[in-house]
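Use these hints to put chain B onto chain A, whose structure you have.
Protein chains: 2
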Amino acid sequence: MSGPARATAHASSRAAVLDVIRAAGTISRVGLINATGFTGATISTVVRRLIDDGLVVETGRAESTGGKRRVLLQLNQSSRYAVGVHLDHAGITYVLTNLGGSVVARMSRAGAGAEDPPAVVERMAGEVGALVEGVGVGRERVLGLGLVSPGPLTPTSGMRLTPPLMRHWEDFPLDRALQEATGLPVVSDNDATAAALGEHWSGGVGASATFAALYMGTGIGAGLLVDGMAYRGASGNAGEIGHSCLAVDGPRCWCGARGCVEALAGPSAVVAAARADRALARAAGLDGGSGRRRSSVTADFAAVTRAARRGEPGARALLERSARYLAVAARTLANIMDLELLVLTGPSLAIAGSVYLPVVREELDRAFFSRAAHPVAVRLSRSAATAPAIGAAALVLQSELVPLRQGLRLPENLADSEPAPVERSSA
Amino acid sequence: MSGPARATAHASSRAAVLDVIRAAGTISRVGLINATGFTGATISTVVRRLIDDGLVVETGRAESTGGKRRVLLQLNQSSRYAVGVHLDHAGITYVLTNLGGSVVARMSRAGAGAEDPPAVVERMAGEVGALVEGVGVGRERVLGLGLVSPGPLTPTSGMRLTPPLMRHWEDFPLDRALQEATGLPVVSDNDATAAALGEHWSGGVGASATFAALYMGTGIGAGLLVDGMAYRGASGNAGEIGHSCLAVDGPRCWCGARGCVEALAGPSAVVAAARADRALARAAGLDGGSGRRRSSVTADFAAVTRAARRGEPGARALLERSARYLAVAARTLANIMDLELLVLTGPSLAIAGSVYLPVVREELDRAFFSRAAHPVAVRLSRSAATAPAIGAAALVLQSELVPLRQGLRLPENLADSEPAPVERSSA
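Listed in order, the protein sequences are those of chains A and B.
Position 27 of the first sequence, counted from 1, bears residue number 27 in full-length UniProt numbering, the numbering being contiguous throughout.
Position 17 of the second sequence, counted from 1, bears residue number 17 in full-length UniProt numbering, the numbering being contiguous throughout.
Simulated from the structure, these hints should not be mistaken for laboratory data.
Mixed in with the good hints there might be a few duds.
Stated by the list, open to error - Quick look at which bits of chain B chain A covers, simulated, 3 or more residues with Cβ under 8 angstroms:
| no. | region |
| --- | --- |
| 1 | 174-186 |
| 2 | 233-244 |
| 3 | 335-346 |
To be verified - Stretch by stretch, here's where chain A covers chain B in the computed footprint (C-beta under 8 angstroms, at least three residues):
| no. | region |
| --- | --- |
| 4 | 191-198 |
| 5 | 250-257 |
Each residue gets a CB set at the ideal place from its N, CA and C atoms; glycine is no exception.
Isolated chain A (complex conformation) (with noise of 0.2 angstroms):
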């Protein structure tokens, strides 16, 4: 038993120095040791295989405070490189990060829309390669590949809880599938989640670790990130603010419930209502929901958005219902997480933004429950439309930069490794 637990603290002691690494920038072999805790001689070991596999790199040295002056290291940030794939029904959108996270080459392609899973997958491979190849990169320097969707995914196979204009996903095996396409590891996650983690590598949020972004695409969910790490709850599905109840008796929503946010304030409900307005759909140019090319809904909500910021009151109302309600479940995700901050986020956040902040920002001056304790920032993303991509990424970096707490839990198998445990007193 002792062989794979001590690999898990090996492991993890090279994941924390690389993330503590990753976060200060430039640091001394003295530096880490004080902000992991560990000894001279374990710094001293891991840092040595770092710098012998490439992933770390000693910089020159600090300005001198007396003593010796120490060496600096920090990531060697084209070592490795990290795919992030944001699979969405309205578009596909691609990032090549390299260890640090940055951004190194980006596209966007069509969407899912009402392709097979088989054939999407099949040209998913070929995008990835035009990515990786484009910018020279060569294929064994790709830890990996990040997934992120709505859906969410599962962790170890298929798309599940899809929603509604996904639902021919339910149950396709599709990490396993890119897997096979690309030769990469998958890794796989919501992208709301995503987003979250998309913000704070793209060092959107600053100094903040703790904070949610709040996400618009088709539907609206939320990613939490707690200390830099997403909080995912049981099954990866933490943040569903979009089925928060607005009205017990309000409209179905697909997910079974009423008076869901999404299914009162969402973009699709936003462009259903837009299109039950024969006037607002012919003065926003929608098809009326006949027309032969059926377009996607972020397509629809950004046609809305432009005839509002053309005057069109009809639209201009209808986005200020939803940026109300949208505002009011925010509020309930402030009050329940006690944010400090909270990003404004996803493709049609990205779109409608500017009707949506200041909406926000004013419920959460006004009512926000811990306002006399201190205020919530409300920030829209700069990038709202790549995040989720840029998170997937991430997700394949953390992988390798992975906290040190996560080795620290008590393993599951300790009792397995204590021949004779007694049983615990309690009262």
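Structure of chain B alone, referenced to chain A:
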């Protein structure tokens, strides 16, 4: 800089080892090495000191698995104690626990009511003295006093954001006053968070270390435990599910928002509705709000619950309506946290839990967003009335037993300890 940082690392290795021993019940030194990732030398040193301090004892040997039989270690349960105090308008509950968190004495006394804060503190000091002396524990073996209350309390000073019934406690330096009056170090937290900790420490939730305690006392709140640690958010106010909006144009809540579940369906709302119905108020034995003695919300809520049990249809209807709202708020909480377990606790659920439990269960079975991935178990606490006080004592014990990872965060003073930090490159 390295001085304090090292001290923290040492303190936290001691705390981590203590916590692993507590969680395991009995464990060998080899087991500790596997569980913590520390070296044999570190474990040997830390364990020797814990034994010298009387906190840990050797307790025989494990059965042989071929090699040498290993010495087992366990907490010396009666070496240290902690006092837990749950202060509420309606009652004050006291517990004394041993180092393992088991309750060795408990008592309930009159609530804070309308008394002046200094008078209440003086009374509390006397009651704490009686509690400790009653079981013959020397004052020097009491680590400290955990104080929990609705409020929530701020970490360093008095109570703020006080609910309406305790408004006269606002800005009173409760922690300091109680510390002076008892001579014990005081740590404080809000009652819902403490209730979750109490459920965890009293073994009421089995192996689940990630769950929410839905707390209903005078108001509605929730305590969130993630991997056995309280999730407190930015200011200790996480879990404020009582201020989830269930009706955007609903009744105004004391928090400033509209349609909060606490305003729609909390014990105060139930009691107010019962009082407004003369026949029901008479049947339930409520004084109509104009009696000489103003009874507590909890006592009145208990009277309505008794009326419902006697078959009074109006009382039954009020409780069922309240339960339905609470169930929908519980679903929002479960969707955001992706819960596997929800424990119903707190004084009002100790009284009326049997009405609320089936309604919350039914709602989560039917409409929890991730029900295809896993169910949410809903349980009624076995110690709904004392869980907050047990959790208060656990706060004190955690300051001795705090898991290691708290000491492993990148220290905020890292920049200071690094003379010349180079700006991190980003995209």
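Going through the hints against the structure:
no.: 1; hint: 174-186; verdict: violated (count 0)
no.: 2; hint: 233-244; verdict: holds (count 11)
no.: 3; hint: 335-346; verdict: holds (count 6)
no.: 4; hint: 191-198; verdict: violated (count 0)
no.: 5; hint: 250-257; verdict: holds (count 3)
Checked against the numbered hints given earlier, the structure breaks hints 1, 4 and satisfies all the rest.
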